[in-house]
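Engineer: Read off the chains here:
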Amino acid sequence: MNILENYGNNENPKTAGEVIRHFREACYAAATKELLEWRDGGGKVVGYYCSYVPEELVTAAGAVSVRLRARTNPTTDAGDTYYGNLTCSYIRHSWDLAIKQKYDFIDGVIVPTACDSVRRIHDNWSRYLPTFSHQLVVPRRNHEESRKYFREELVLLKNTLERNLGTTISDERLREAIRLHNRTRQLLRKLYELRKQKTPPISGADTLAVVVAGTGMPKEKYNALLEVLVAGLEKAPGLREPRARLMVVGSCLDDPSYLDVVEAQGGLVVCDSLCFGSRIFAADVEENTSDLLDALVQQQIACRPQCPHVSPFPPRAEYVEGLIKDYNVDGVICERMQMCDNWGMESYLLTNSVKLSAPILTVDREYFSAATGQLSTRVQAFLESMEGAAR
Amino acid sequence: MEYLDSCIREIEAYIWALASSGRQVREWKPNARSVPGPMNHESNQLVLARDTAVELGRSNVGSCFGVLWTSSSELVEDGRIRLVGPDLGELIGQSVAFCQVLILQGQDIPVTDNSFLIASSSMTDGLPGVMSRISRSGIWCRISYASIDLGLCFAALGRKELDNWRSRIPAIERAEVLFLTSGADDLVPLQGISALAEGVIRSQQIEKGRQRGYDLTCSLASCAGCEHISACAAITKSVERENMKPAKREEGTGR
Amino acid sequence: MRTVSSAERAKSIEVLTQEIETQEAFVEFVSGVEDPAVQLQVPNLKSMLALTKKVRQVVKDDEPFVYSWFVLGPEIYHAMDLFWDSGPRAEFGTFLALSVPEYLEQVLKDCDRVAVSSDICTLHRLALSAIEMKRSPKPWAAVACIHPCDGVSQAQSAVERAWPDVPMFWMDSPYYPDERGVKFFAGQMRRMAKFLEEHTGKRLDLDKLRDVCNATNEQYALWGEFDALKRNRPCPVGSWAGYGIWNMMQNNPLTFGQPITTQYIKSLITDAEEKVAAGKGHLENEKVRVLFMDIAPVWFAEFAEMLEQECNGVVVVEGQGGSYAYTPIDTSTEESMFMGIARRNCMETPMIRTSRGPVDIIINDMIRNVLDYKIDVVIAPGHMGHKDMQASLKIIRDACETVGAKLLNFQYDLFDNRYMPMEEIRRIVTQFIDAMSEEKLI
Numbered sequence: 049m050n051i052l053e054n055y056g057n058n059e060n061p062k063t064a065g066e067v068i069r070h071f072r073e074a075c076y077a078a079a080t081k082e083l084l085e086w087r088d089g090g091g092k093v094v095g096y097y098c099s100y101v102p103e104e105l106v107t108a109a110g111a112v113s114v115r116l117r118a119r120t121n122p123t124t125d126a127g128d129t130y131y132g133n134l135t136c137s138y139i140r141h142s143w144d145l146a147i148k149q150k151y152d153f154i155d156g157v158i159v160p161t162a163c164d165s166v167r168r169i170h171d172n173w174s175r176y177l178p179t180f181s182h183q184l185v186v187p188r189r190n191h192e193e194s195r196k197y198f199r200e201e202l203v204l205l206k207n208t209l210e211r212n213l214g215t216t217i218s219d220e221r222l223r224e225a226i227r228l229h230n231r232t233r234q235l236l237r238k239l240y241e242l243r244k245q246k247t248p249p250i251s252g253a254d255t256l257a258v259v260v261a262g263t264g265m266p267k268e269k270y271n272a273l274l275e276v277l278v279a280g281l282e283k284a285p286g287l288r289e290p291r292a293r294l295m296v297v298g299s300c301l302d303d304p305s306y307l308d309v310v311e312a313q314g315g316l317v318v319c320d321s322l323c324f325g326s327r328i329f330a331a332d333v334e335e336n337t338s339d340l341l342d343a344l345v346q347q348q349i350a351c352r353p354q355c356p357h358v359s360p361f362p363p364r365a366e367y368v369e370g371l372i373k374d375y376n377v378d379g380v381i382c383e384r385m386q387m388c389d390n391w392g393m394e395s396y397l398l399t400n401s402v403k404l405s406a407p408i409l410t411v412d413r414e415y416f417s418a419a420t421g422q423l424s425t426r427v428q429a430f431l432e433s434m435e436g437a438a439r
Numbered sequence: 022m023e024y025l026d027s028c029i030r031e032i033e034a035y036i037w038a039l040a041s042s043g044r045q046v047r048e049w050k051p052n053a054r055s056v057p058g059p060m061n062h063e064s065n066q067l068v069l070a071r072d073t074a075v076e077l078g079r080s081n082v083g084s085c086f087g088v089l090w091t092s093s094s095e096l097v098e099d100g101r102i103r104l105v106g107p108d109l110g111e112l113i114g115q116s117v118a119f120c121q122v123l124i125l126q127g128q129d130i131p132v133t134d135n136s137f138l139i140a141s142s143s144m145t146d147g148l149p150g151v152m153s154r155i156s157r158s159g160i161w162c163r164i165s166y167a168s169i170d171l172g173l174c175f176a177a178l179g180r181k182e183l184d185n186w187r188s189r190i191p192a193i194e195r196a197e198v199l200f201l202t203s204g205a206d207d208l209v210p211l212q213g214i215s216a217l218a219e220g221v222i223r224s225q226q227i228e229k230g231r232q233r234g235y236d237l238t239c240s241l242a243s244c245a246g247c248e249h250i251s252a253c254a255a256i257t258k259s260v261e262r263e264n265m266k267p268a269k270r271e272e273g274t275g276r
Numbered sequence: 053m054r055t056v057s058s059a060e061r062a063k064s065i066e067v068l069t070q071e072i073e074t075q076e077a078f079v080e081f082v083s084g085v086e087d088p089a090v091q092l093q094v095p096n097l098k099s100m101l102a103l104t105k106k107v108r109q110v111v112k113d114d115e116p117f118v119y120s121w122f123v124l125g126p127e128i129y130h131a132m133d134l135f136w137d138s139g140p141r142a143e144f145g146t147f148l149a150l151s152v153p154e155y156l157e158q159v160l161k162d163c164d165r166v167a168v169s170s171d172i173c174t175l176h177r178l179a180l181s182a183i184e185m186k187r188s189p190k191p192w193a194a195v196a197c198i199h200p201c202d203g204v205s206q207a208q209s210a211v212e213r214a215w216p217d218v219p220m221f222w223m224d225s226p227y228y229p230d231e232r233g234v235k236f237f238a239g240q241m242r243r244m245a246k247f248l249e250e251h252t253g254k255r256l257d258l259d260k261l262r263d264v265c266n267a268t269n270e271q272y273a274l275w276g277e278f279d280a281l282k283r284n285r286p287c288p289v290g291s292w293a294g295y296g297i298w299n300m301m302q303n304n305p306l307t308f309g310q311p312i313t314t315q316y317i318k319s320l321i322t323d324a325e326e327k328v329a330a331g332k333g334h335l336e337n338e339k340v341r342v343l344f345m346d347i348a349p350v351w352f353a354e355f356a357e358m359l360e361q362e363c364n365g366v367v368v369v370e371g372q373g374g375s376y377a378y379t380p381i382d383t384s385t386e387e388s389m390f391m392g393i394a395r396r397n398c399m400e401t402p403m404i405r406t407s408r409g410p411v412d413i414i415i416n417d418m419i420r421n422v423l424d425y426k427i428d429v430v431i432a433p434g435h436m437g438h439k440d441m442q443a444s445l446k447i448i449r450d451a452c453e454t455v456g457a458k459l460l461n462f463q464y465d466l467f468d469n470r471y472m473p474m475e476e477i478r479r480i481v482t483q484f485i486d487a488m489s490e491e492k493l494i
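Each protein sequence line maps, in turn, to chains A, X and U. If you count by my numbering, then the first sequence holds residues 49 to 439, one letter each, in order. If you count by my numbering, then the second sequence holds residues 22 to 276, one letter each, in order. If you count by my numbering, then the third sequence holds residues 53 to 494, one letter each, in order.
In case anyone wonders, no lab produced these hints; they're calculated from the structure. All values derive from a computational prediction rather than experimental measurement. Cβ atoms here follow ideal geometry from the backbone N, Cα and C, with glycine treated the same way. Don't take each hint at face value.
[What the hints assert, rightly or not] Computed list of lysine-lysine pairs in DSSO-like fashion (alpha-carbon distance at most 30 Å, straight line): (1) U:K446 with U:K426; (2) U:K458 with U:K327; (3) A:K196 with U:K235; (4) A:K206 with U:K235; (5) A:K283 with A:K150; (6) A:K148 with U:K446; (7) U:K186 with A:K403; (8) U:K327 with A:K150; (9) U:K98 with U:K63.
[Claimed, not checked] Cβ-Cβ distance ranges computed for the label pairs, FRET-style: (10) U:D257 with A:K238: 53 to 63 Å; (11) U:A89 with X:A34: 45 to 55 Å; (12) X:A34 with A:G89: 17 to 27 Å; (13) A:E192 with U:R54: 25 to 35 Å; (14) A:T216 with X:S93: 27 to 37 Å; (15) A:D374 with U:A167: 52 to 62 Å; (16) U:T55 with A:E334: 37 to 47 Å; (17) X:A34 with U:E387: 46 to 56 Å; (18) A:E192 with U:E80: 18 to 28 Å; (19) X:S188 with A:T216: 21 to 31 Å; (20) U:E86 with X:V209: 48 to 58 Å; (21) X:V209 with U:D263: 16 to 26 Å; (22) U:R243 with A:E366: 34 to 44 Å.
Produce the complete structure using the sequences and hints provided.
Structural biologist: See below:
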């Protein structure tokens, strides 16, 4: 069955179904329609890797932020001469696009030091590509000193954006941007609330598409589409009572078809802790403060759920356990990209160092993977083992 | 490339202050072509401890190395070699604090090019009886008895340095060098002045960063009260001029 | 509240005793080798054996000690009279034992039982295995090293979970090598010192801190002198000849800042100087000079032998070899000492220096080393755990081209010789060097 057949015309989505179809297609486009329209109108675009980049600064600079992905690029022939194969495949595929100058819709890139593979994008970009690249240093701790350090980093980022985009980021513009992005977060949290229902109105795969698509288009357009989606889903009947309520934990999963495979076994992904998922919108940025940069710091480092880049582990485990309880999760699937040290150790810790109140299945993958059969089999076995334990 | 001009002026002022306070400051004129000392022999570049007459800049004694550059010709006296403190022949048997600062002038000195770095790292190649190592903590040299017996002095050392730099980087139009051997206390202000140009490696990183729009040295959230504000303004202007150049995108990939 | 059961203590003592016995046998064997170059290394080997014995004694007597890394301010531990054990001691220290094939096999089997993905750096899997097997005994306090790489950072979370009752201090680190970063790290070190005072009862003595900084300043200057001698062509010493300096200067709390280390370095200098003066190289017919851009592998002795015999080659410079210069610590004030210690630990020590921060750091070091030491072949970025170096492949290659060095890139595991057997390494290296020689490129 072609899931997309259920959806209508997506030229101007007016229903929840149409929005979902639109977002699905956006996931597999090099650049979204909305982004290209913005670009054609003379708008600037700044690419970024990883959710530790506060997009508000880009928005306040009058540009649109787009999280760089590589779903259109199954090869790494050019990238492999820059990156050895003991590195993350997501970064290799993305770098392959970059070095082939296929990210021609961006004016520059922001590269956080969030992991060993991604931070070297900046070193390569600044040597081999003509557009600007800014390295954003992300601390590994939520200390007062580390937050102060990160605030200084945001000053430097602000300077870079102003210089390269020829603009000034005033407090007023930044506050407006924060409000805009907070609205996005609120709408996404509303969407996720609907998934707490016994029969959620949206699948995990579709939800992933919703979140991923939002990282590639102007937030005003995205919010308008989200409003349509949420309003529609609030009235929609649930999909079905699933065989099992699942949670997915992991890193840069940006491929809804991966979750289609998972859900095809009868389970339903009802929540997540993903880089394109709940971690990025769980906490808002404080709007009513005089120090807006500090507000961004607080949101990024102190308030929101962290990925393994920011130590230590217990708060991350608590977040996962909290979601298990809130969403009534039966089983957790922890996925990680091969060669990823951060999530490799995280999956070990989640499996061996804490006793979650739901069983956990760990799965390795590559950014592009043909091994869907293997994934199906493992998920099937996982569901059966949960059912067996329940009996 | 004016952002190091204030540093260059500060060095000049400091040398004048040292001279005024009674330090021996020697200067060799730019047009002096004949300098004593061995030149251009085969050398293994190693000077063993037993053969060392003078040790300069050992790390736990004190050391400073800097390379500054400018596009302003009035700031650099071409070929000038200056020495504050004793010359090599007056330091036999000693291990002293040492500073070497090179000041280069040219319109297009490739400070972000690897050749700049490469050129900096073997400046005394071909000068027998001299072993040097440059690093971010400074410069460490050993001068052999044999070469001092043959008349090696800072004038010769300086001349060799300048010749090597010019031959490896054609864009250099003017160059001068300063040496200081008058003691660790005298070194300290120079270390401070040359903080922005702390070794060739560090300078190159900063320049690369500036051309890419970020500041490796700035840690302040606000410029108010910052002592480097005038230098920073010059840096910003320099980067803005870079950004106004035709977009590299049209020229294709790479540098 | 930290508790150590008698069973845990007994297990640690048992495992450490086994290690000591293996090390003793190895030291005895090496001490009997009539090669002056080998004899020079005996103090280093004996100091590693002494360290393992000390760890056992500390366990037996339940003396306060901290679990840390050599890049987290050993100067401070020394000034607190606080013994420190480290993850690397369990891996590098047992180099001694790991030189014994049967022991290495056992250690790797233990490591295989740790359920961490095998694409994560073996060093960290070994560290976790050492904790599980009680080869790393439970400390009174721990300092988490969360730089330079993801692997070590994540491993600390696992260490914390393995010892939930051990108070742990987490050191964040800056990224860029600038004054702002040094200040940041110095602040972390001050807090660490306070933390250790609270949890071990030891006190920081500033006079002792000054003394150890002065002593190590002198030792780093000597290290620089030894390195300078390796610039000679032919190289007067064999591959990894300076490894022991790193070990005694940085990785061994018993020899850190001590006269025995000064004496050891001086003996290496004297030996190398005499060879340079006599025009003698380690190899009679040195043909290939290698920069091994990594820390010393467990299989370094085999590799060195293969390189010498098959290629007339020598590893002149390596990742722990002090080829970088260390900035002396200004001991005039407490503030200047903390800043100097921060700079040294955060930005200048091996592994940290090669992985932390922008790639310019290692590239500039590499270029400087190639030129200073007249390097023909650079081996990089091979270790399976060095993801950041893997991500710098083209940059490294371009830099090598700039300075005329030939880059040999192949993957290996520094700690697990099953990953890339020596036979395969031999084939790759010899074929490469033969091809370069035929083309008259080296």
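Engineer: Sort out whether K150 (chain A) lies within 30 Å of K283 (chain A), counting only the CA atoms.
Structural biologist: violated, 41 Å
Engineer: Honestly, do T55 (chain U) and E334 (chain A) meet the 37 to 47 Å range at C-beta?
Structural biologist: holds, 42 Å
Engineer: Taking the Cβ atom of A34 (chain X) and the Cβ atom of G89 (chain A), is their distance within the range 17 to 27 Å?
Structural biologist: Since the Cβ atoms of A34 (chain X) and G89 (chain A) sit about 54 Å apart, the hinted range of 17 to 27 Å is violated.
Engineer: Would you check the hint for K206 (chain A) and K235 (chain U), treating anything up to 30 Å between C-alpha atoms as holding?
Structural biologist: holds, 22 Å
Engineer: Are K446 (chain U) and K426 (chain U) close enough, with their CA atoms no more than 30 Å apart?
Structural biologist: Since the Cα atoms of K446 (chain U) and K426 (chain U) sit roughly 22 Å apart, the hinted pair holds (cutoff 30 Å).
Engineer: D257 (chain U) and K238 (chain A), beta-carbon distance inside 53 to 63 Å?
Structural biologist: holds, 59 Å
Engineer: Please test the hint of 46 to 56 Å on the beta carbon pair from A34 (chain X) and E387 (chain U).
Structural biologist: At 28 Å between Cβs, range violated.
Engineer: Does the alpha-carbon distance linking K186 (chain U) and K403 (chain A) stay inside the 30 Å limit?
Structural biologist: Between K186 (chain U) and K403 (chain A) the Cα gap is close to 23 Å, so the pair holds against 30 Å.
Engineer: Please verify whether K327 (chain U) and K150 (chain A) have alpha carbons no more than 30 Å apart.
Structural biologist: violated, 57 Å
Engineer: Does 48 to 58 Å hold as the CB distance between E86 (chain U) and V209 (chain X), or does it fail?
Structural biologist: holds, 51 Å
Engineer: A range of 25 to 35 Å was offered for this pair. Does it hold for the Cβ distance of E192 (chain A) and R54 (chain U)?
Structural biologist: Given a distance of about 27 Å, which is inside 25 to 35 Å, the answer is holds.
Engineer: For a C-alpha distance cap of 30 Å, please report whether K148 (chain A) and K446 (chain U) respect it.
Structural biologist: At roughly 15 Å apart (the allowed maximum being 30 Å), K446 (chain U) and K148 (chain A) satisfy the hint.
Checked against the numbered hints given earlier, the structure breaks hints 5, 8, 12, 15, 17, 18, 19 and 22 and satisfies all the rest.
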